[in-house]
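Make a model of the complete structure from these sequences and hints.
In order, the protein sequences belong to chains A and B.
By this note's numbering, the letter at position 202 of the first sequence is numbered 314, and the numbering carries on one by one without gaps.
By this note's numbering, the letter at position 236 of the second sequence is numbered 348, and the numbering carries on one by one without gaps.
Rather than coming from a laboratory, the hints here were simulated on the basis of the structure.
This one's a predicted model, so the numbers in the text were calculated from it and none came from an experiment.
Misleading hints may appear alongside valid ones.
What the hints assert, rightly or not - Dumping the calculated BS3-like pairs for lysine-lysine here, alpha-carbon to alpha-carbon at most 25 Å:
id, chain 1, residue 1, chain 2, residue 2
1, B, Lys419, A, Lys405
2, A, Lys453, B, Lys419
3, A, Lys455, B, Lys405
4, A, Lys455, B, Lys197
5, B, Lys453, A, Lys419
6, B, Lys406, A, Lys453
7, B, Lys405, A, Lys453
8, A, Lys431, B, Lys446
9, A, Lys419, B, Lys220
10, B, Lys446, A, Lys419
11, A, Lys157, B, Lys455
12, A, Lys432, B, Lys405
13, B, Lys455, A, Lys183
14, A, Lys455, B, Lys183
15, A, Lys439, B, Lys197
16, B, Lys197, A, Lys453
17, A, Lys227, A, Lys406
18, B, Lys455, A, Lys197
19, A, Lys439, B, Lys405
20, A, Lys168, B, Lys455
21, A, Lys197, B, Lys406
22, B, Lys220, B, Lys197
Protein chains: 2
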Amino acid sequence: MTKDSKSNLSEKQGVSQPETTSKSAAQKIKLNRRKQVSTDTFIEKILEGDITFLSKAITLIESTNSKHQEKANTILNACMPHADKSIRIGITGVPGVGKSTFIEAFGKYLTSLGKKVAVLAVDPSSSINKGSILGDKTRMEQLVTDKNAFIRPSPSGTSLGGVAQKTKESILLCEAAGFDTIIVETVGVGQSETAVHAMVDFFLLLKLSGAGDELQGIKRGIIEMADAIVINKADGDNVKNAKIAKVEFNRALHLYPPKENGWQPKVMIASALNNSGIEDIYTMISEYISTTKKSGAFENRRNDQNKHWLYTTINDQLKKRFYENPKINELLQKEIINLEKGKTTPFNAANNLLNNTD
Amino acid sequence: MTKDSKSNLSEKQGVSQPETTSKSAAQKIKLNRRKQVSTDTFIEKILEGDITFLSKAITLIESTNSKHQEKANTILNACMPHADKSIRIGITGVPGVGKSTFIEAFGKYLTSLGKKVAVLAVDPSSSINKGSILGDKTRMEQLVTDKNAFIRPSPSGTSLGGVAQKTKESILLCEAAGFDTIIVETVGVGQSETAVHAMVDFFLLLKLSGAGDELQGIKRGIIEMADAIVINKADGDNVKNAKIAKVEFNRALHLYPPKENGWQPKVMIASALNNSGIEDIYTMISEYISTTKKSGAFENRRNDQNKHWLYTTINDQLKKRFYENPKINELLQKEIINLEKGKTTPFNAANNLLNNTD
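This is how it looks when you write it as structure tokens:
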């Protein structure tokens, strides 16, 4: 078409004989078919244990694009019947405790037994500095080249809830891909241990031995969550201190009421450097799994965790909807000022706010 | 009118000359005026420190009748500017620890100093057996006859939130009535300590000395909340054990990170029977109050508590509205079954439920 043809007054050119099918319609069908095939391929490949497709599917889970999410959900739903068959182990510990080295040694031991190991992470802080735990794969250079290991950094996200949800869904995909041991690492920012604790079968706290007073500075609630405490870097001059720390932790654990499933949390010593203690730790975890599977506690814990995530997701969303309402937010600021001035009670203020959404 | 007049066919009697104002209208005005006067009287009497009216107003707070609640709110709002000036002390301990005897001894000591003491309670279990802590006033027979003391049993209710709200509002009325020390007792059912902790300036845990292993069996989180632990019944043969327990609790308290306000929780020994230790406990609480008032921590805590109650009330109500929706409830049961069968993820199930309220 020439420039002139833009005028409505200009004579229109005759159209040539149309093609039997319109180009755009053909393209749509083609795209659609490609998408269809693609999702099916994803599912097929994941169930075959193809790590490249597993990795791509997790990228879809982590995407904020709604089409990607839709696709991820289709894949996830198809994979669901093949998931849920692994052992999920959570590992936490402050930076410097030797998590990477420990996970590498532990993971290598597991693959040497013929197991397939996936290592995931929950680190809500990773969105801030764009770095993330496990992001630097060179930290586990032996495990990363192991064909029976799959290592995936923490998803980024603004809220722990979002990050945790993505990791939880990734666990299911890894399981569908045949990984029988899932390790979820967390650095323990905010409530991230609680989130990881709520998605694993066994929760392990890594500690260093210090100069006594081992319990000082441990975050509240962590001891209660731990199924085992492993004193890491028990090598060289540290061995003696590690043994002292073991006694102290054992005493501390006895101060807590026993776990509902009857398990008495264990304290163990390990050196990822010397590869010592790793086998014992795996034996202990295996014992825990077989005991709880026999008693039904294993399945109960998974059911409880699913319900926990169901209610947590709903409750978070209810609050989000309420507090992200601009009208509510404005009124809330006013009511908080009234509260501080003693002009209202918390209950009157709450009712005022709630009546604005009726 | 006769029985016959019931028939529509019967001739109607002529009406007599109407009165200048209708009887029902006059009655309405009269009732309304009585109500107006009554609320004003309530406020006036409460501010004068009249215990009978204070007691009646608390009954209105506790009522489930919406007219009573409206009236209670009017009274509460008028009393608000006169509230907030007392010291609020929470006291918890398992049954048998001697709470009543301790509160009586402590309360008598306070009134001997010229203080006015109100004793309230939070016991969510009281609705079940219709009994309630403090219900049996004879347990504090000296304090109950003290004109500077006011003792009120726990309100009954089906939820801790409801019971706690009523007690929190009663605190404000007691303060407006001139009570300068409010003691809130709880027996520690469910989360009731957390609720009481969130409405007091100082939280005191009563304990007995035993045969060692003092920390066994203490509910999770209680130690972290306590601003002081008082080992009660330290008399006769118990004195030695109490001293041992004191050492053990002191050691245990050092395992916890220091409080945000810098306060190091204290362990003390008391015998309500011998009236020993009571004065020291009051001195300690006074020190706490003056230190935190100077640093601003006192006001911060109250502000934080008010915000806590604001958010708690809103969040509870949001959940209540959602889960009490019969449609949601039905769908929830289905989704939980799907979850247990591994047919859905917690996140898919949650979204399904949430989309039903859009």
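Now for the hints, and whether the structure bears them out:
1. Lys419(B) x Lys405(A): violated (44 Å)
2. Lys453(A) x Lys419(B): The given pair, whose Cα atoms are some 12 Å apart, holds under the 25 Å limit.
3. Lys455(A) x Lys405(B): holds (21 Å)
4. Lys455(A) x Lys197(B): Roughly 14 Å separates the two Cα atoms, so the pair holds.
5. Lys453(B) x Lys419(A): holds (12 Å)
6. Lys406(B) x Lys453(A): holds (19 Å)
7. Lys405(B) x Lys453(A): The given pair, whose Cα atoms are some 17 Å apart, holds under the 25 Å limit.
8. Lys431(A) x Lys446(B): holds (23 Å)
9. Lys419(A) x Lys220(B): violated (50 Å)
10. Lys446(B) x Lys419(A): holds (12 Å)
11. Lys157(A) x Lys455(B): Cα-Cα ~21 Å, so holds.
12. Lys432(A) x Lys405(B): violated (35 Å)
13. Lys455(B) x Lys183(A): holds (18 Å)
14. Lys455(A) x Lys183(B): holds (18 Å)
15. Lys439(A) x Lys197(B): The given pair, whose Cα atoms are some 33 Å apart, is violated under the 25 Å limit.
16. Lys197(B) x Lys453(A): holds (13 Å)
17. Lys227(A) x Lys406(A): Holds - the C-alpha atoms of Lys406(A) and Lys227(A) are around 22 Å apart, at most 25 Å.
18. Lys455(B) x Lys197(A): holds (14 Å)
19. Lys439(A) x Lys405(B): violated (35 Å)
20. Lys168(A) x Lys455(B): Holds. Lys168(A) to Lys455(B) sits at ~23 Å (cutoff 25 Å).
21. Lys197(A) x Lys406(B): violated (59 Å)
22. Lys220(B) x Lys197(B): holds (21 Å)
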